[in-house]
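J.: Input sequences plus hints: build the corresponding full structure.
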Amino acid sequence: MHTEWIWGLLGGLIIGLGAAVFLLGNGRIMGASGILAGLLEKSSRDVRWERLAFVAGVVGMPLLLRPLIAPETETHLTGNLTLVIIAGLLVGTGTRIANGCTSGHGVCGISRFSLRGIVATVFYLLAGALTVALFRHGLGVI
Amino acid sequence: MRGVLAFLAGSLFGTGLLVSGMTDTTKVQGWLDIFGNWDPTLAFVMGGAILPMVIAWRLTHGRAPAVGGTFPEPPRVELDRRLVVGSVLFGMGWGLVGLCPGPAMASLSYGGVGGVVFLVSMLAGMLAAPTLGAKLDRVANPA
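Keeping their order, the protein sequence lines are chains A and B. One point on numbering: in the working numbering, the residue at position 72 of the first sequence is 108, and numbering is uninterrupted. One point on numbering: in the working numbering, the residue at position 42 of the second sequence is 438, and numbering is uninterrupted.
Keep in mind the hints are simulated off the structure, nothing from the lab. Fair warning: there could be bad hints in the mix.
[As the list claims (entries may be wrong)] Residues on chain B that point at chain A, a partial pick, calculated with CB under 7 Å: (1) Gly399; (2) Phe409; (3) Ile430; (4) Ala445; (5) Val450; (6) Gly458; (7) Ala462; (8) Val463; (9) Pro468; (10) Leu504.
Cβ atoms here follow ideal geometry from the backbone N, Cα and C, with glycine treated the same way.
T.: Here it is as structure tokens:
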């Protein structure tokens, strides 16, 4: 459908608004991997509560809204669970070693013209594109 | 107040991910598939998200966060092995199945068993990361 870019732009603006609320309200960078990983660490009661509330919103709002605004949306995730486990381990390890993912380095980093955010984004985009090229067009497994 | 604003931010983030189509792995892998049927949607999502944040970062100058405290320090400028190696590992996993941490959380209620398996594996990877990161430093700077 050729209107998908409009939904992409609208959704993107909403994501950016969320990041702006988190920054201007709480003084925090909205990085999904950092917030999630933070829940696995020891932290003060305030910070833990803040992270839990954030995750509750991220998980809860699509649960509530999907039946109303996007009932046809599916993840279309591969059924190959070995691949899913390997990918999950790579994403978890990589985002912590690099200290950020698409939201932290991408959205929040690029918007403040952070060199580290831009470099991280270039490398995960390149690695992602090469991986899809190799595993889809080379090996034909995804 | 902190919790309320964090819940609001998370709600907007989750809603934006749902509306933009970024919880659909075919769209994410389609964006990365530059040699196939390329899907440009993710560029609009990224652009749309960066726009309000450029303004938000400007608004931080000379102010303090609403709940008090201080804004994040200016970004570090030095590049290191961790940033590059970590981002490459992340990109490989992202390309393999089309999920990154935000959408993995946002799609939890409709991602089925696979979505849960991904999230648990990702958390396991996060737990292993400090050890692997330290190994990386030792390779870079042998004692």
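J.: So, for every hint listed, does it hold in this structure?
T.: Against the structure, the hints come out as follows:
1. Hint on Gly399/B holds. Least Cβ distance to chain A is approximately 4 Å, under the 7 Å limit.
2. Annotation: Phe409/B was flagged as interfacial toward chain A, and the flag holds, the nearest CB pair being 4 Å apart, inside 7 Å.
3. With a least beta-carbon distance of about 5 Å to chain A, the hint placing Ile430/B at the interface is held under the 7 Å criterion.
4. A cut of 7 Å between beta carbons decides the hint on Ala445/B: the least distance to chain A is about 4 Å, and the hint holds.
5. Checking Val450/B against chain A: minimum C-beta separation of about 5 Å stays under 7 Å; hint holds.
6. This hint is violated: Gly458/B has a C-beta 13 Å from the nearest C-beta of chain A, more than the 7 Å allowed.
7. Among the interface hints, the one on Ala462/B holds; its C-beta lies about 5 Å from the nearest C-beta in chain A, closer than the 7 Å criterion.
8. For Val463/B, the interface hint holds, since its Cβ comes within 7 Å of a Cβ in chain A; the closest pair sits about 6 Å apart.
9. Using the Cβ-Cβ criterion of 7 Å, the hint placing Pro468/B at the interface with chain A is satisfied: the shortest such distance is roughly 6 Å.
10. For Leu504/B, the interface hint holds, since its Cβ comes within 7 Å of a Cβ in chain A; the closest pair sits about 5 Å apart.
Going down the numbered hints, you'll see the structure goes against just number 6.
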